[in-house]
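Trainee: Here is what each chain is made of, one letter per residue.
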Amino acid sequence: MFTVLRCVIYRDLLLATRRWADVLTALVFFVIVVSLFPLGVGPEPNLLRTIAPGVIWVAALLASMLSLTRIFAADYADGTLEQMLLSTAPLGMIVAAKVIAHWLVTGLLVVLIAPLLALQFDLPQQLLATLTLSLLLGTPVLSMIGAIGAALTLGLRGGGALLSLLVLPLYVPVLIIGAGAVDMAAAGLGTEAHFLLLAALLVVAAAFAPWAAAAALRISAE
Amino acid sequence: MRGRRRLFGGLNFTLRDGDLLRVTGANGSGKTSLLRILCGLLSPVCGMVRWGGGDIRSLREEYWRQLLYIGHAHAVKGELTALENLLVTCTLVGVNVSRGQALEALSRLGLAGYEALPVKILSRGQQRRVALARLFLSEKIPLWILDEPFDALDAGAVDCVRLLIAQHLSRGAAVVLTTHQEIRIDNPQVQYINIVS
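Residue numbers (the working numbering), protein chains in the order written: chain C, 130 to 351; chain D, 316 to 512.
These are computed hints drawn from the structure, not numbers from a lab.
Computed from a predicted model, the values in this text were never measured in an experiment.
Mixed in with the good hints, there may be bad ones.
[What the hints assert, rightly or not] If you want the footprint, here are the derived chain D segments under chain C, 3+ residues with CB under 8 Å:
(1) 334–344
(2) 356–369
(3) 374–380
(4) 405–414
[Claimed, not checked] Taking beta-carbon pairs under 8 Å as the criterion, some of the chain C residues facing chain D (in silico):
(5) R140
(6) L144
(7) R147
(8) R148
(9) W149
(10) M213
(11) S216
(12) A218
(13) A316
(14) T320
[Said to hold, decoys possible] Take a look, some chain D residues computed to stay more than 10 Å from chain C by CB distance:
(15) G393
(16) E394
(17) L395
(18) P433
(19) D466
(20) N502
The beta carbon of each residue, even a glycine, is placed where N, CA and C say it ideally should be.
From just these sequences and the hints, can you work out the full model?
Mentor: Structure, rendered in structure tokens:
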């Protein structure tokens, strides 16, 4: 069973390295959106410091959503999804593997580059760690919720727009708690509550999202 | 049923060990839908598919363990090499194969020398062969369901696959296939379903 998990993660990472343009699109989008704000808002350090967590979190959320349709679309088109549905391993496990691979090539890269971009906003150094940790806990949740949406809208015309409508409202709690953690730290308050909530969201999503997405896939693939 | 159109109904058949079932019919008559129903990928509006007496919808993984399905979309990734494709698909469906076995299967279908090339640069027929190489590694699977297996293959490859199917049937397994070509498979137990729309 875990052989299948490993195999699917390996395969998706291999595909990502051979289609690196797709991976770069989401990352470049993230970098550009975040960089446009200081240019548009103007060089007022206090203002930039205030908006930094929100801007970076919103950009991370949009970057994650940009790449969601890719999770299942290619496998659906070339018939690999049918083989996954007929696999002897639980479908939820395969979906989990695909979500992990998706997070590794989008979420993780966003997490790694975010502290660098935060410097443009003159975010104090002690807040960089808080921001990174909040993204590290939050972006996997985005990938998991997104996978449910991607599975539900698979094969639909105009699925992309519908996907955003479905998924964005569900992203809101993650956004509020994630960006809130950095705001709390900036105000000198404790951030444990926010991190615990993010961790709880992560655990709940990890437990339920793969199975929900698997059920949605069975319906979409009929 | 597809949308509001009724494709076929009143279909009733039993497949025994060593049976070959050929599904024929015009384009769009519902051959692929029938095969997908047999696999459990599509639910019939009414009726059921049984395997060894049990409903496949409750057997699920137990049934899929004994089933090989190669669809019209043949689950081959253009960016991966032929060998990677074969190994990944086999792992996915729960067939354990070694690298050596996979290489041998590919070479038996005339793909020796192409194993390390990305499949997207191969021809359509060669891509089909990559998908069909799974057949060499699935001798223990008692039910093969093949959608247009001879599509895009040249005469040599058709012979090879034909022979492979005949061998599999003689081992006592069952094979369901759709085809437009007139291909003779030497087997006494043949059933035909012709879907007329």
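Trainee: When the structure is checked against the list of hints, which entries are broken? Sort them ascending.
Mentor: 1, 9, 13, 14, 15, 16, 17 and 18
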